[in-house]
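Colleague: Chain residues, written in single-letter form:
There are 2 protein chains.
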Amino acid sequence: MQTDTLTPQDQAQAQAQAQSHSLIASDRVEGTPIRRSDGQKLGAIERLMIDKVSGNVAYAVLSFGGFLGMAKKHLPIPWARLTYDRLLGAYHLDLTDEELSRAPSFAANADFDWGDRSREIDVHNYYRVPPYWGAY
Amino acid sequence: MQTDTLTPQDQAQAQAQAQSHSLIASDRVEGTPIRRSDGQKLGAIERLMIDKVSGNVAYAVLSFGGFLGMAKKHLPIPWARLTYDRLLGAYHLDLTDEELSRAPSFAANADFDWGDRSREIDVHNYYRVPPYWGAY
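These protein sequence lines map, in sequence, to chains A and B. Sequential numbering from 4 applies to the first sequence in my numbering. Sequential numbering from 4 applies to the second sequence in my numbering.
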């Protein structure tokens with residue numbers, strides 16, 4: 004698997020995103036890469052899933068695969084688990100290939116049952132973060 | 004204080020909310036119209052502005068104008084002020100033309116200074132909702 008190192012384009016994007024204010028546009032998060040500490044790209048953020056009532060961002064949906072015969076997959080990642088890394092020009096997530104393969108996911112052409120709280124609990128347990136809806 | 008009994012409308016809404024799951028995709032909110040109670044379209048949601056640290060959706064940016072020689076304008080609307088109305092098929096916001104013209108806005112080709120908290124306070128005062136960042 005090739006290592007995706009930072010291109011000047013990535014760095015420009017990183018700089019733009021790192022502007023001082025604390026707000027970020029949804030359409031700017033969409034498409035932003037997710038990388039490991041070593042710079043390797045795991046995939047990109049397809050969309051955000053927002054809790055309608057509280058207005059909290061619950062998940063970033065990571066899209067990966069879709070090349071070399073590998074099926075395109077979507078992974079819901081709790082927003083609380085992602086941090087933006089200026090140097091990487093990406094959101095930062097350290098998952099090994101093995102962890103990635105075991106992470107809760109769904110086929111890109113299928114639909115995740117967002118209403119199934121037990122699946123949501125699995126996701127939060129997997130990433131060891133507290134749930135966006137409070138305690139369970 | 005009035006007794007809060009459920010009207011048939013409330014019950015229909017409650018049922019709809021129970022049926023549909025509580026999460027919505029960011030790329031589905033983008034482009035959704037905002038309408039008055041009478042169905043008149045004010046514009047459409049251009050994007051969401053998200054507080055990076057807390058993961059709260061701070062604003063929906065309403066895009067309107069751009070026809071009949073009217074400049075295209077963007078209005079930041081506190082997320083807490085918008086409710087999705089299934090019958091309207093849109094987010095619901097009752098602003099008269101006059102209120103719309105006085106609402107905090109910026110030209111679509113300009114950039115709102117999201118880092119300027121005093122402007123953000125103006126926006127929240129205008130829509131009479133508590134700020135997403137807590138008290139001020």
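Careful, some of the hints might be misleading.
The list cannot tell twin chains apart, which means a pair is met if one copy fits it or any two copies do.
What the hints assert, rightly or not - With a straight-line cut-off of 20 Å between C-alpha atoms, the simulated SDA-like cross-links for lysine to any residue are: (1) Lys-55 - Pro-134; (2) Lys-55 - Thr-99; (3) Lys-44 - Ser-121; (4) Lys-55 - Asp-30; (5) Lys-55 - His-95; (6) Lys-55 - Leu-90.
It is worth saying that the hints were derived from the structure and are not from the lab.
Colleague: Hint by hint, note whether the structure agrees.
Modeller: Status of each hint after checking the structure:
1. Both within a single protomer and between protomers do Lys-55 and Pro-134 lie at most 20 Å apart by alpha-carbon distance, with minima of 15 Å and 17 Å respectively.
2. For the homomeric pair Lys-55 and Thr-99, neither the shortest alpha-carbon distance inside one copy (32 Å) nor that between copies (25 Å) is at most 20 Å.
3. Taking identical chains as interchangeable, the C-alpha atoms of Lys-44 and Ser-121 are never at most 20 Å apart, the minima being 29 Å within one chain and 39 Å between chains.
4. For a Cα distance limit of 20 Å, the shortest separation of Lys-55 from Asp-30 qualifies both inside one copy, at 18 Å, and across copies, at 14 Å.
5. Taking the closest pair of Cα atoms, Lys-55 and His-95 come within 20 Å of each other only across two copies (14 Å); inside a single copy the shortest separation is 26 Å, beyond that limit.
6. Taking the shortest Cα distances, Lys-55 and Leu-90 sit within 20 Å of each other only across copies (17 Å), while inside one copy they are farther apart (32 Å).
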